[in-house]
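Chemist: For reference, the chains in residue letters:
2 protein chains.
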Amino acid sequence: MPYFGIYNACANLTEGMILSAFFIETFGGYALNSFSSHRLTAERTFRYPNEYGMQRADTFTTTVTGAGSVILTSIPKNIRIAKATIGKVIDGDFTDPQDMGRAMAPACYYTIKRHLLDFNLTIDDYDLIITGDLSKYGYSLLKDLFLEEKINIQGKVVDSGMLIYQKSQDVKAGGSGCGCIGVVLSYIIRLLTTGRLNKVLLVATGALMTPCMLAQKESIPTIAHAISLEVE
Amino acid sequence: MPYFGIYNACANLTEGMILSAFFIETFGGYALNSFSSHRLTAERTFRYPNEYGMQRADTFTTTVTGAGSVILTSIPKNIRIAKATIGKVIDGDFTDPQDMGRAMAPACYYTIKRHLLDFNLTIDDYDLIITGDLSKYGYSLLKDLFLEEKINIQGKVVDSGMLIYQKSQDVKAGGSGCGCIGVVLSYIIRLLTTGRLNKVLLVATGALMTPCMLAQKESIPTIAHAISLEVE
Chain A
88 MPYFGIYNAC ANLTEGMILS AFFIETFGGY ALNSFSSHRL TAERTFRYPN EYGMQRADTF
148 TTTVTGAGSV ILTSIPKNIR IAKATIGKVI DGDFTDPQDM GRAMAPACYY TIKRHLLDFN
208 LTIDDYDLII TGDLSKYGYS LLKDLFLEEK INIQGKVVDS GMLIYQKSQD VKAGGSGCGC
268 IGVVLSYIIR LLTTGRLNKV LLVATGALMT PCMLAQKESI PTIAHAISLE VE
Chain B
88 MPYFGIYNAC ANLTEGMILS AFFIETFGGY ALNSFSSHRL TAERTFRYPN EYGMQRADTF
148 TTTVTGAGSV ILTSIPKNIR IAKATIGKVI DGDFTDPQDM GRAMAPACYY TIKRHLLDFN
208 LTIDDYDLII TGDLSKYGYS LLKDLFLEEK INIQGKVVDS GMLIYQKSQD VKAGGSGCGC
268 IGVVLSYIIR LLTTGRLNKV LLVATGALMT PCMLAQKESI PTIAHAISLE VE
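The listed protein sequences correspond, in order, to chains A and B.
Its first residue numbered 88, the first sequence is counted upward by one per residue in the numbering used here.
Its first residue numbered 88, the second sequence is counted upward by one per residue in the numbering used here.
Since the hints were made in silico from the structure, they are not lab data.
Glycine included, C-beta positions come from ideal geometry on N, C-alpha and C.
Which residues of chain B face chain A? A partial, calculated answer using Cβ under 7 Å:
{"#": "1", "residue": "Met88"}
{"#": "2", "residue": "Tyr90"}
{"#": "3", "residue": "Ile93"}
{"#": "4", "residue": "Tyr94"}
{"#": "5", "residue": "Asn95"}
{"#": "6", "residue": "Glu102"}
{"#": "7", "residue": "Ile173"}
The shape of chain A in the complex, shown without the other chains (with noise of 0.2 Å):
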């Protein structure tokens, strides 16, 4: 199967959908996209080994141990990617690898406001704005970032990294990674499929960064992707 490997953190999985998208709608066919995150490797590869037993911040955000597939096709189904918009690296001047969602927030918000802007919508013409792994403090920094327009994103923007916990797991601010918002998808497609909601933007985000940028004293750019996925 030809293959193109891609890598924007934690906003592959948008990523790979428009480009898989594309793809298929000049070529036709089918595209496999998959993706993955795991816990103790993303500790390990993006801040420090578990073993270490680093004390965690409140800001701290738990990658989800998951991986998944989503298989796009030219022939027309029920749901479709009708709309998206690449995003640009956004670098808020964070440097807190253990505050990743703040960080995002920035880019999630340039995303969603580009998205709106180039398809003349509001909010208000989606069920539903899921993003991908800002978790508690991200998300708060993004309705900060909305209100200062008066635009009030509660109810109507959700973040995956909030919804994929239970309560009663120590997981910080939330969760994170690839598989964050790649796993809360399966859960939103069912919800598209049974009719419970018609036109959903995702927009996953992602932190570009490496712990050896940061020993550097360079800050996080960030990047997110969206796609509308609606009901025909």
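For chain A, the structure is supplied; the task is to place chain B on it using the hints.
Modeler: The following block gives chain B in isolation, referenced to the frame of chain A:
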């Protein structure tokens, strides 16, 4: 600028150029592809930190510290990307991280063969076929694979890893990394613009491994993507 991150190890260059060409063919405008590799970073990430002073095998390739960008546009120019072949993941059961060249040769062979079959061509339809970073041992294996079909690639296929360094430099089997074929491409472009070459097939090769996979006794999956650059 809207941004997509991609990752196919040292095959990034042609992956990016295929995706970009595809985008601008539909949407017009410009697409900027950037690539880079760094010797010490690559050693640390994919083999061992340089400070460990590991003994290098003869098959060892030296990552090129190099970076560059290619701008593609939908406005007709002297040189165009005429054809492309997306590779598939090939695992030849190689496990030695000091012998990436031979590990990648089967993927390179597959992509060139697939390209020639898909477009009904022979290697003689190209002035030059330039591979990514097989270097001395990988190139030798690629030559053997083609010889099994009575095709002699000597003189027609050249490898960037064997071109990039001087003989006097102690780089063992040659060069590797995203920057290897990328930096050589700038020279190829000059040969195309000055009319010394008219039709070139560019085949970047990548080893999709991490040291962790090898510690787990996994073999090295590899890939290669091809594009043809043709003077109009």
